[in-house]
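Q: Given chain A's structure and the hints, the job is docking chain B onto it.
Chains A and B supply the protein sequences, listed in that same order. Quick note: the first sequence uses the working numbering, first residue 1, plus one each step. Quick note: the second sequence uses the working numbering, first residue 1, plus one each step.
These aren't lab readings, by the way, just hints derived from the structure by calculation. Note that the structure is predicted; figures quoted are calculated from it, not measured. We put the beta carbon where it would ideally sit given N, CA and C, even for glycine. Please note: incorrect hints may appear among the correct ones.
Claimed, not checked - Using 25 Å as the maximum straight-line C-alpha spacing, the simulated SDA-like pairs for lysine to any residue come out as follows:
#1 B/K169 to A/E197
#2 A/K99 to B/K134
#3 B/K250 to A/E170
#4 A/K263 to B/P221
Unchecked claim - Partial list, derived from the structure: chain B residues whose beta carbon lies under 10 Å from chain A:
#5 L96
#6 L98
#7 H174
#8 K218
#9 L271
Said to hold, decoys possible - Derived, one-sided and incomplete: chain B residues facing chain A with beta-carbon distance under 10 Å:
#10 S82
#11 L189
#12 R211
Number of protein chains: 2
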Amino acid sequence: MTIGIVGIGLMGGSFAKALKKYKLASKILGYDHNKEHQKTALELNLVDEICDLNTLKQCDMIVLCIPVDGIIAFSKELVEISKNTTIVDFGSTKELILKNIPTQIRENFVAAHPMTGTEKFGPSAAIDGLYEDKIVVLCDVCDNSSYHLEKVTNIFKSIGMRIIQMDAKEHDIHACYMSHLPHAVSYALAKTVMSHENPNAIITLAAGGFRDMSRIAKSSPNMWCDIFRQNRTNLLDALNIYESKLAMLKEMLQNEDYDGIHKYMAKANTLHDILK
Amino acid sequence: MTIGIVGIGLMGGSFAKALKKYKLASKILGYDHNKEHQKTALELNLVDEICDLNTLKQCDMIVLCIPVDGIIAFSKELVEISKNTTIVDFGSTKELILKNIPTQIRENFVAAHPMTGTEKFGPSAAIDGLYEDKIVVLCDVCDNSSYHLEKVTNIFKSIGMRIIQMDAKEHDIHACYMSHLPHAVSYALAKTVMSHENPNAIITLAAGGFRDMSRIAKSSPNMWCDIFRQNRTNLLDALNIYESKLAMLKEMLQNEDYDGIHKYMAKANTLHDILK
Numbered sequence: 001m002t003i004g005i006v007g008i009g010l011m012g013g014s015f016a017k018a019l020k021k022y023k024l025a026s027k028i029l030g031y032d033h034n035k036e037h038q039k040t041a042l043e044l045n046l047v048d049e050i051c052d053l054n055t056l057k058q059c060d061m062i063v064l065c066i067p068v069d070g071i072i073a074f075s076k077e078l079v080e081i082s083k084n085t086t087i088v089d090f091g092s093t094k095e096l097i098l099k100n101i102p103t104q105i106r107e108n109f110v111a112a113h114p115m116t117g118t119e120k121f122g123p124s125a126a127i128d129g130l131y132e133d134k135i136v137v138l139c140d141v142c143d144n145s146s147y148h149l150e151k152v153t154n155i156f157k158s159i160g161m162r163i164i165q166m167d168a169k170e171h172d173i174h175a176c177y178m179s180h181l182p183h184a185v186s187y188a189l190a191k192t193v194m195s196h197e198n199p200n201a202i203i204t205l206a207a208g209g210f211r212d213m214s215r216i217a218k219s220s221p222n223m224w225c226d227i228f229r230q231n232r233t234n235l236l237d238a239l240n241i242y243e244s245k246l247a248m249l250k251e252m253l254q255n256e257d258y259d260g261i262h263k264y265m266a267k268a269n270t271l272h273d274i275l276k
Numbered sequence: 001m002t003i004g005i006v007g008i009g010l011m012g013g014s015f016a017k018a019l020k021k022y023k024l025a026s027k028i029l030g031y032d033h034n035k036e037h038q039k040t041a042l043e044l045n046l047v048d049e050i051c052d053l054n055t056l057k058q059c060d061m062i063v064l065c066i067p068v069d070g071i072i073a074f075s076k077e078l079v080e081i082s083k084n085t086t087i088v089d090f091g092s093t094k095e096l097i098l099k100n101i102p103t104q105i106r107e108n109f110v111a112a113h114p115m116t117g118t119e120k121f122g123p124s125a126a127i128d129g130l131y132e133d134k135i136v137v138l139c140d141v142c143d144n145s146s147y148h149l150e151k152v153t154n155i156f157k158s159i160g161m162r163i164i165q166m167d168a169k170e171h172d173i174h175a176c177y178m179s180h181l182p183h184a185v186s187y188a189l190a191k192t193v194m195s196h197e198n199p200n201a202i203i204t205l206a207a208g209g210f211r212d213m214s215r216i217a218k219s220s221p222n223m224w225c226d227i228f229r230q231n232r233t234n235l236l237d238a239l240n241i242y243e244s245k246l247a248m249l250k251e252m253l254q255n256e257d258y259d260g261i262h263k264y265m266a267k268a269n270t271l272h273d274i275l276k
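Isolated chain A (complex conformation) (with noise of 0.2 Å):
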């Protein structure tokens, strides 16, 4: 099976590299806009070579590793590829891209989510493992022929991925709550020290604490302001709640209610109950 993968960085070049350790391509074919990715990419071996558009569309399976406006973009691209031929996009929100892809390819188009990433990007970020015992959502797969669907399930399965099927809206609200959400906060709390007259000084003292709470603020913004606008009515709902949130632990501390703030703290413990 050739596969061609959209976007070498580093969801597309770690699945490129997890696509030749289990040996499930017999060739992995590049696409990518940037001459520098491309360039990379070959020197380190991502991929078996860099092609144009037509060679991409006649691949056994397209990947598309790109920004999630671009993933909509793309799919127009893609309207006359043969029906044996599989899309998979690795986009963060799938709402509006199976809203948008064109519905000539919507039996083909398989809407995945891996759960997983770090805040690094561009080809040389592809690591080995990435997606090794994480899980892979698979959203609106009713409208996928099963053809499509298993070819994708077996490779995400092959690679050491555990699947989870989930209807779009839900993923939407939930990855907003597990990945969108977060990226917000932690670009605030960047924000908020670079902000302060002297950052360098108050950086000086950063621990593991700082360290864990600011790493996905160096996220990609080309990346990450796609995905804020693709799901924007589900990150301002959960901004708003977690503003109250925040809101109520500092009226607590501006009334000295220690109590209440003991209680607060308590009950965020409890998530760690659940997260294991």
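A: What follows is chain B alone, placed relative to chain A:
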């Protein structure tokens, strides 16, 4: 040198491990009001003996690894120690502690904040290497006699720490941005998710980003309530700034100002040019 550790939890227990590793104490005594912790500390061989208050006072060095309000309260018990007994506290706040310790022991009392830790607590949380290659802030050392300051400095250097000296007021502001605000932000994120009608379903999708962002929301409410109380004013200031940065992001999202969001994210990214 006999060293007495008050509070044999994550910080105290890990410090005892470091003292043993580098053979810096002839005997390590543990003092803890929690009987279970006493037992575990002995079983784990963190300390050589559990001692009473009178024996503790005979130590050459007393290390206070208890919540910050406890440090102030306990310091009153140490008023009559020998001029040669060094006291060092590991509290996360400094200004209020230094304002409230008895003047009779001010020379002996070295105020330290090791910038390290995990979200775990109790003696079983003690780990090897917690202090190695980490920063410890010493505050208002001009009020210490050189004898006590050198004793503490030598110990910290011997276990591989890097020492920064700072004014207590300045420390409390910096520690607020690097540690106390991130804890508030993480507790609020955990509280947001736990307030959802079905947190279990959402948390199934948790990946690295959410795990990192919620890790410190597992921290001890006893310890963190005290810290929030002692650094209340700075934390309220920081929360106000943080809220305004978050509100700015939300407003841009409401107004679909994606150029603005892109710039905001790019500015947040610059934190990582400083944070290596």
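Q: Hint validation: B/R211 versus chain A, beta carbon distance must be below 10 Å. Holds or violated?
A: It holds, given that the least Cβ distance between B/R211 and chain A is near 7 Å, below 10 Å.
Q: So, as I understand it, the hint says B/L271 touches chain A; can you test that by seeing if any CB pair is closer than 10 Å?
A: holds (4 Å)
Q: Under 10 Å is the threshold here; is the Cβ of B/S82 close enough to any Cβ of chain A for the hint to stand?
A: violated (33 Å)
Q: Checking hints one by one. Is B/L189 an interface residue toward chain A, by the C-beta closer than 10 Å rule?
A: B/L189 check passes; min Cβ-Cβ to chain A is 6 Å, inside 10 Å.
Q: Below or equal to 25 Å on CA atoms is what counts here, so check B/K250 against A/E170.
A: holds (22 Å)
Q: Under the criterion that the straight-line Cα-Cα distance not exceed 25 Å, is the pair A/K99, B/K134 satisfied?
A: Since the Cα atoms of A/K99 and B/K134 sit roughly 50 Å apart, the hinted pair is violated (cutoff 25 Å).
Q: Is the straight-line distance between the alpha-carbon of B/K169 and that of A/E197 25 Å or less?
A: Measuring from Cα to Cα gives roughly 16 Å; hence the hint holds.
Q: Check whether the Cα positions of A/K263 and B/P221 lie no farther apart than 25 Å.
A: Given pair A/K263, B/P221 holds - Cα atoms ~8 Å apart, limit 25 Å.
Q: For the hint on B/L96, does the least C-beta distance to chain A fall short of 10 Å?
A: violated (14 Å)
Q: Min Cβ distance, B/H174 to chain A: is it shorter than 10 Å?
A: holds (5 Å)
Q: Grab the minimum C-beta distance from B/K218 to chain A and call the hint holds if it beats 10 Å, violated otherwise.
A: holds (5 Å)
Q: Given B/L98 as an interface hint, is its Cβ closer than 10 Å to any Cβ of chain A?
A: violated (18 Å)
This entry does not satisfy hints 2, 5, 6, 10, going by the numbered hints stated previously.
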